[in-house]
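Please work from the sequences and hints to get the whole structure.
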Amino acid sequence: MTVVPTLEPSDEALASRAAAGDDHAFETIVRRYQARVYRLASRLTSETDAPDVLQDTFLQVHRHLPAFRGDSRFGTWLYRIATNAGLMHRRTRARRPAESLDAFLPTFDATGTHCGTPEQLRVVSEADERIDRQVLAGKARDGLARLPDLYREAFVLRDLEEIPTAEVAEVLGIEPAAVRQRVHRARLLLRGYLQDVIGGRS
Amino acid sequence: MTETACVSGLELLVDYLEGLLPAPTVAAIEGHVAGCQRCQAFIASYNATPRIMREATDTPLPATVQTSLIDWLRKKRGT
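Chains as they are written, first to last, in my numbering: chain A, 1 to 202; chain B, 1001 to 1079.
No lab work stands behind these hints, which were simulated from the structure alone.
Ideal Cβ placement from N, Cα and C applies to all residues, glycine included.
Careful, some of the hints might be misleading.
Stated by the list, open to error - For the chain B half of the interface with chain A, some residues (derived, Cβ under 7 Å), not all of them:
no., residue
1, V1007
2, Y1016
3, H1032
4, A1041
5, Y1046
6, A1048
7, P1050
8, M1053
9, A1056
10, W1072
11, K1075
12, K1076
The structure is reproduced here in structure tokens:
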């Protein structure tokens, strides 16, 4: 008996068919990406707002598919739409300004040496043993919400969704060096915040 | 991160971790970190931060949202 391998159509092939009016192709794209877009949306906004961002994203994907020319990967194009949808959602929400995390940046003494003991400085890498998982989940979301938008977008895409730096640069329309700097600032702020949450404030 | 100061290397850390720095700068950083317990601890926690945040904010798509999304999109598209 000959086994015929079944090949999944590429994103680009599906996009081309969907743009020509093939609803089945469009729904295949939705099913392929919905979990990733939902997770991205929940990280960029909140779990409460993520369903709305998810809807907005795929509605815009459907509307703009005829304009997708394949200049970038389909996934990159879709992440750009989802990231913008998340940002627009945050901006249209009446929110009080998030409390800055700047107080959690690393500090140094007069000789340029890290303040705090090695045990305090290391505590974040021991989070799994030191803090309840549910508590950590709540605090992590709070920390993300308190990041400036520019840092949050870069950090979520690069470090949480694990998209390569060059692709994040394309999604955000900035240089890779700018992505690295924004991700670095986010890591510094969140590292210090988590250190404080877990109990290693120096 | 020259001979002694932890602060000197802070802004170089991300480029160091991505392998983008010239060899002399890498040698200076590694020379300092090898003898600095605070920097070793700081870098360990800096490196752990993305993983901690990733695991703590991982949110599966609820089945109800999955179903309602397809239905909602069909209505919007009039199919």
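Verification of the hints:
Against a cut-off of 7 Å between C-beta atoms, the interface hint on B:V1007 holds, since the closest Cβ of chain A lies about 4 Å away. At about 11 Å, the closest approach between the beta carbon of B:Y1016 and any beta carbon in chain A exceeds 7 Å, and the interface hint on this residue is violated. Interface hint status for B:H1032: violated, as the beta-carbon distance to the closest one in chain A is roughly 11 Å, over 7 Å. Hint status for B:A1041 relative to chain A: holds, with the closest Cβ pair at about 4 Å, below 7 Å.
At its closest, the beta carbon of B:Y1046 sits 5 Å from a beta carbon of chain A; the interface hint therefore holds under the 7 Å criterion. The restraint placing B:A1048 at the interface with chain A holds, with a minimum CB-CB distance near 4 Å, inside the 7 Å limit. At a threshold of 7 Å, the smallest CB-CB gap from B:P1050 to chain A is about 4 Å, leaving the interface hint in force. For B:M1053, the interface hint holds, since its Cβ comes within 7 Å of a Cβ in chain A; the closest pair sits about 5 Å apart.
Contact between B:A1056 and chain A, as hinted, is supported at the beta carbon level, the nearest pair being about 4 Å apart and thus within 7 Å. Interface hint status for B:W1072: upheld, as the beta-carbon distance to the closest one in chain A is roughly 6 Å, under 7 Å. Interface hint status for B:K1075: violated, as the beta-carbon distance to the closest one in chain A is roughly 11 Å, over 7 Å. At its closest, the beta carbon of B:K1076 sits 6 Å from a beta carbon of chain A; the interface hint therefore holds under the 7 Å criterion.
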